[in-house]
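Protein sequences, first through last, are from chains A and B. First residue of the first sequence? That's 1 in our numbering, and the numbers climb one at a time after it. First residue of the second sequence? That's 1 in our numbering, and the numbers climb one at a time after it.
Careful: at least some of the hints might be erroneous.
What the hints assert, rightly or not - Per the computed footprint, the stretches of chain A lying under chain B, defined by three or more beta-carbons under 8 Å from a beta-carbon of chain B, are: (1) 49-59; (2) 135-144; (3) 153-160.
Claimed, not checked - With beta-carbon atoms standing in for the labels, derived distance ranges: (4) B:Arg60 - A:Ser9: 34 to 40 Å; (5) B:Asp139 - A:Ser67: 46 to 52 Å; (6) B:Ala79 - A:Pro211: 38 to 44 Å; (7) A:Pro211 - B:Asp174: 22 to 28 Å; (8) B:Thr117 - A:Ala79: 55 to 61 Å; (9) A:Gln47 - B:Thr192: 46 to 52 Å; (10) A:Asp210 - B:Gly194: 35 to 41 Å; (11) A:Arg71 - B:Gly194: 38 to 44 Å; (12) B:Arg20 - A:Asp210: 44 to 50 Å; (13) B:Arg16 - A:Arg114: 19 to 25 Å; (14) B:Pro203 - A:Gly169: 50 to 56 Å; (15) B:Gly194 - A:Asp174: 25 to 31 Å; (16) B:Arg127 - A:Ala175: 20 to 26 Å.
By construction, these hints were calculated from the structure, which means they are not laboratory data. The C-beta atom is built at its ideal place from N, Cα and C for all residues, glycine as well.
Protein chains: 2
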Amino acid sequence: MSEHELAPSDRVRLRRKPQRGRYDAETIHAILDAMPVCTVSCVIDGQPIGMPTVQWREGRHVYWHGSAAARLMRAAEGAEVCLTVTILDGLVLARSALHHSANFRSVMVMGRARAVTDPAVKAARLRAFLEHLYPGRWDTLRPMTDAEMKATAVLSLALDEASAKVRAGPPVDDAADLASPVWAGVLPMRLTLGAPEPDADCPGDLPPPDPATGVSWG
Amino acid sequence: MSEHELAPSDRVRLRRKPQRGRYDAETIHAILDAMPVCTVSCVIDGQPIGMPTVQWREGRHVYWHGSAAARLMRAAEGAEVCLTVTILDGLVLARSALHHSANFRSVMVMGRARAVTDPAVKAARLRAFLEHLYPGRWDTLRPMTDAEMKATAVLSLALDEASAKVRAGPPVDDAADLASPVWAGVLPMRLTLGAPEPDADCPGDLPPPDPATGVSWG
């Protein structure tokens, strides 16, 4: 994928701390693939709304889904949106208040959201979503009914206008502060999976999904 | 704080799955306090932008900060914004594709962002932010210079119009699917702190901040 270098449009190009900006597909795809949780921002009656939801990527598009009746899904369809993913990698403690920071990887994708309407295409997208999270699971479930498919809206956004922002590494202190007697460094953070909790109706001899085969979170 | 019940305005009231909506200050404050990472959505030239940043709460306001020269800080000042916080608590695996879900706690705050301009007030807000993350640390750092203070913008948003959305617990399956021979339950997730990584100039005998005294992440 690294052959794709997206030419950053004016509205996604980083102006402050440009050294943190990345526009290559490899970096952008890796962040999107590692963090399904996202915020989709759209405008309703002039008011910006940032809706938390879950995204997945296939090729050069990101997708998200929701109830076909949901106000925010209907508002986003055909409208300009911004999809934001943030992975927190750590807290950066410096020797002055100003240089405290966070290590993170984030992506912003801008463009017009499009509805996936063809039932077969929608089914393929939903299958890909579930298979991204839980490889091999889709075929163990009963097929989605027509009514379920109709009640589910899927929106897509092309990765034509996207940027990543990455901060990593230790604090960057002013030289004059380096002798200050305060602890400075990074407190790394990571999203981790706990022990699976089968529900009350789950037979005890069924194995939970192998987390090693799903999303490498963060 | 639990005496405050915010009357949900029409634009923050949950319509889909209203049982997941919470409007009490106790719930909203607890989510904001447990997850500094947020997305601030605003509108620039008609285009929604969701900017990843870090928020903190004091009383009935949330705050975030950035470079005073940053385009997105200047665009948000005095403008309608939406601040969104999402904590992922787990993945919910059901017996049908439709009922797969996530356990999460999220907050959306809407309103007009205001700049904190008085230098003394701004200093107090920044101090509160650092003390929220690292109690006791502010007084161990050299004071912020006037130039640093001037270069830092702080924006605030009243918690007048806010809602939380919470999903917890096992999957909710259709009764007809309960006998399906697939694993169903919750894969819990949590943001965890790793071992502190002092930087190259940090004397080895300085103890890192005690994570037990800072934010209870998630």
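- Message: Hint compliance check: list the failing hint numbers for this structure, sorted ascending.
- Response: 3, 8, 9, 10, 12 and 14
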